[in-house]
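Enquirer: Here is how the chains run, residue by residue.
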Amino acid sequence: MTGVDGRPRWEHHTRRQRLARFCGLLVTLVVFAWAWQALGVRYDFVVSAPAEVQDLLMRMYPPDMAYSYEIVGPLIETVNIAVLGTGLSVLLSVPIAYLAAENTSPTRLTYLAGKLVVTVTRSISVIIWALVFVVIFGPGPLAGVVAIGVRSIGFIGKLLAEAFEEIDPRQPEAIRATGGNAVDVMVYGIVPQVKPAFVGITTYRWDINVRSSTVLGFVGAGGIGAELFAVLDFFRWDAALTILIAILGIVLLSEGLSAVVREKLR
Amino acid sequence: MTTEPGSAETPSRQWQRPTVFGSHRTKHAVYGLVVAFIGWNAFQLRISVDRLLLGVSEGATLLGRMVTFEGVGRHELSVIVSGSIETFAMSIVATIVGVVISIPIAFLAARNVSPLLGYLLGRGAITFSRAFHGLVFAIIAVKAFGFGPFAGVVTLVFTTVGFYAKLLAEALEDIDEGQIEAIRATGGSRLDVILFGFLPQVLPRMIGLAIYRWDMNIRSASIIGIVGAGGIGQVLLTSFERFDYGFSMAIILSIVAIVITGELVSSTVRRRIQ
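Going line by line, the protein sequences match chains A and B.
Here the first sequence is numbered in numbering that gives the first Met the number 0, starting from 0 and rising by one per residue.
Here the second sequence is numbered in numbering that gives the first Met the number 0, starting from 0 and rising by one per residue.
It should be emphasised that the hints constitute simulated quantities derived from the structure, not laboratory data.
All of these numbers come straight from a predicted model, not from anything done at the bench.
Footprint (simulated), chain A over chain B, 3 or more residues, beta carbon under 8 Å:
hint	stretch
1	83 to 96
2	253 to 260
Straight-line alpha carbon distances no greater than 16 Å define the calculated EDC-like cross-link-like pairs of lysine to aspartate or glutamate that follow:
hint	chain 1	residue 1	chain 2	residue 2
3	B	142	A	237
4	B	142	A	54
5	A	194	A	161
6	A	194	A	262
7	A	114	A	101
8	B	142	A	51
9	A	114	A	161
10	A	194	A	167
11	A	194	A	165
12	B	142	A	232
Chain B regions said to be covered by chain A (calculated; three or more residues, Cβ under 8 Å):
hint	stretch
13	54 to 61
14	149 to 155
C-beta: ideal position from N, C-alpha, C; glycine also.
Generate coordinates for the entire structure from the input sequences, incorporating the hints supplied.
Expert: The following block contains the structure:
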């Protein structure tokens, strides 16, 4: 490209790069237009949305403080579900991780089976697991615990399998060389090496699970979600704000606790 | 007085495994506390064994009805297809709108771009958006805007902002200050600094993050229908309410397929860009 005085002018991008950028932008816009039209959203909804939100906030404030005594129980239940669900998940995922790690899995087939379980449990959301387990166990925290437990297998199993794969093979070998049996190899050769990773992964997942347990109540699987669902049904926005503040509190608390534990491990 | 091995009088000759807690007493105390905490949690919920056992037989029946895809016909399949299309459309609209809204918030939340007040405001917005599970926003949006995909899009936009603005702000904080200084030295205004100093450095990351977030939004879009916010999740809830478990299974498999497709597309495109 030449400038007005006939000399070459510096440009950031070549013609081809500019064309590619332009096409990228165009495709994005076209896809956006198609998606917007496919949703069939009415424009007056969009226009009135800011006013609706403002109205909502006015109704929410101030929070209904008297209601806060009633949600202590469900809040504790939420934490209970997260703890037991994580515990169940640990019990289920240790053998799965053992199978899904290349160096500890007995055969190629068991390795693939382990990987399959990890992938399937991870790609189905906790709320879908909760729907299924509410049908099986009936409404209540039991369904929530099992949903959290099954959903977390993928996460804990995958990370734990990676921890198994990264261990130093000389330590189990040393135990074997001194005449230790399979249990000794496990207890003195493998467990000490994966223990920090294990504690870190479990704490991290527990913290994620506290957040997940807050929504289980929407489908009847226990915890604070049921309360939120109920107050919103009656449009008690001030009580809803109380619940939101409570959820924010326990989520930040568990996040802080998990951060402290993981910091200690380092 | 006889001394037991390992008591305070005679130092133990036996080898003990070292522990990170300092002393073995602390170690046992910590383990005891953790066990007690889990025990208390179990006691609180009082899960009965017969309910668990009842569940196992119930589960077998359910599984039987699910794997045979009982009651899935042509009509059901067309419902799944339209639900999937809505899910995709929601994720696309929400990602684009969310990213556009996130960009100014990210600049606000980057310490090296904005003044302290702006920084605190931006960070506050991000923390708030990240603190709640997407479904909590969804259920509120449904009450505020009514059933349907619009509530879903609003939810996804909201959760996108927390994620995208946070990571973009971190990318902005990590950039090379030399380029910023160069623009300033040539007499560039504040806007010039942002357009020619900051933006080119974070643009590839912005595109990568947007595609990554799109993949996460597909995941969310496929489930937020469970509280009425549009997409295939809404169909799933209806099928459960009608005890139409064969249909439920078909929908769950479609959701898995949608999620995996999104993941594949996203990882392929991101690899191409980088």
